[in-house]
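J.: Using the sequences and the hints given, assemble the complete structure.
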Amino acid sequence: GAGVSQSPSNKVTEKGKDVELRCDPISGHTALYWYRQSLGQGLEFLIYFQGNSAPDKSGLPSDRFSAERTGGSVSTLTIQRTQQEDSAVYLCASSLLVGGKEQYFGPGTRLTVT
Amino acid sequence: GESVGLHLPTLSVQEGDNSIINCAYSNSASDYFIWYKQESGKGPQFIIDIRSNMDKRQGQRVTVLLNKTVKHLSLQIAATQPGDSAVYFCAERGAGGSYIPTFGRGTSLIVHP
Numbered sequence: 308g309a310g311v312s313q314s315p316s317n318k319v320t321e322k323g324k325d326v327e328l329r330c331d332p333i334s335g336h337t338a339l340y341w342y343r344q345s346l347g348q349g350l351e352f353l354i355y356f357q358g359n360s361a362p363d364k365s366g367l368p369s370d371r372f373s374a375e376r377t378g379g380s381v382s383t384l385t386i387q388r389t390q391q392e393d394s395a396v397y398l399c400a401s402s403l404l405v406g407g408k409e410q411y412f413g414p415g416t417r418l419t420v421t
Numbered sequence: 060g061e062s063v064g065l066h067l068p069t070l071s072v073q074e075g076d077n078s079i080i081n082c083a084y085s086n087s088a089s090d091y092f093i094w095y096k097q098e099s100g101k102g103p104q105f106i107i108d109i110r111s112n113m114d115k116r117q118g119q120r121v122t123v124l125l126n127k128t129v130k131h132l133s134l135q136i137a138a139t140q141p142g143d144s145a146v147y148f149c150a151e152r153g154a155g156g157s158y159i160p161t162f163g164r165g166t167s168l169i170v171h172p
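Here the protein sequences line up with chains A and B, keeping their order. Under my numbering, the residues of the first sequence are numbered 308 to 421, in order. Under my numbering, the residues of the second sequence are numbered 60 to 172, in order.
The hints are simulated quantities; they were obtained by calculation from the structure and are not laboratory data. Glycine included, each C-beta is placed from N, C-alpha and C at the ideal position. Heads up, some of the hints might be wrong.
Taking lysine-lysine and the DSSO-like style, the derived pairs with C-alpha atoms no more than 30 Å apart in a straight line are [as the list claims (entries may be wrong)]:
(1) Lys96(B) x Lys408(A)
(2) Lys96(B) x Lys130(B)
(3) Lys101(B) x Lys364(A)
(4) Lys322(A) x Lys101(B)
(5) Lys127(B) x Lys115(B)
(6) Lys364(A) x Lys130(B)
(7) Lys96(B) x Lys115(B)
(8) Lys96(B) x Lys127(B)
(9) Lys318(A) x Lys364(A)
(10) Lys130(B) x Lys408(A)
(11) Lys408(A) x Lys364(A)
(12) Lys115(B) x Lys130(B)
(13) Lys364(A) x Lys96(B)
(14) Lys101(B) x Lys324(A)
(15) Lys101(B) x Lys408(A)
(16) Lys101(B) x Lys318(A)
(17) Lys322(A) x Lys364(A)
(18) Lys115(B) x Lys408(A)
(19) Lys408(A) x Lys127(B)
(20) Lys324(A) x Lys364(A)
(21) Lys96(B) x Lys318(A)
(22) Lys115(B) x Lys101(B)
One side only, chain B facing chain A, incomplete, derived with CB under 10 Å [to be verified]:
(23) Pro68
(24) Gln97
(25) Lys101
(26) Phe105
(27) Asp108
(28) Arg110
(29) Ala150
(30) Tyr158
(31) Gly165
T.: Below you can see the structure in the form of structure tokens.
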């Protein structure tokens, strides 16, 4: 299928290490979102790429978090110097239009920081 | 700050019953309200949305009701099936160009056969 894919599906890392999480959105989708979901919690917005405009980074919890989207397609979320509180499922979603109400989510990457 | 929350964290029903999942919101400026379903180990899946100028919208076996007076949103699932077991999230999309949805904590729906 041509849904949103994310890799890796699971990542275990040691505290202090850097990690990179990848998202492949649905082809042609203009908007791409990153969220974080902790156990039993809702989705916490991290960053939003909106077409060719500057990304909305207002949800990034600290300067250890960054993301980029190359060529309007693939996106990478990078967490530097990981901390235990970074452990969560990181979800990526895309929508056809900027501001699209219907977002298509990937399966997520489960990050565990030991 | 603005928030979206749910009244019940867990709802257990028998197969065939109707289910009602409730959600309270506080941002009266939101232009869309959206329901997502998240099955275990998967990302959320869009179910249905409703625009803020509507009171009711129906889909396949689902109905969303919006009561702007009390800032309340509900998702009704008719003839609930075991495959409906999942966590359901409500979300609101801010108006005025803020396209970032705010998600509630979620309600776990458990359907007993």
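J.: Where does the structure disagree with the numbered hints, that is, which hint numbers, in rising order?
T.: none
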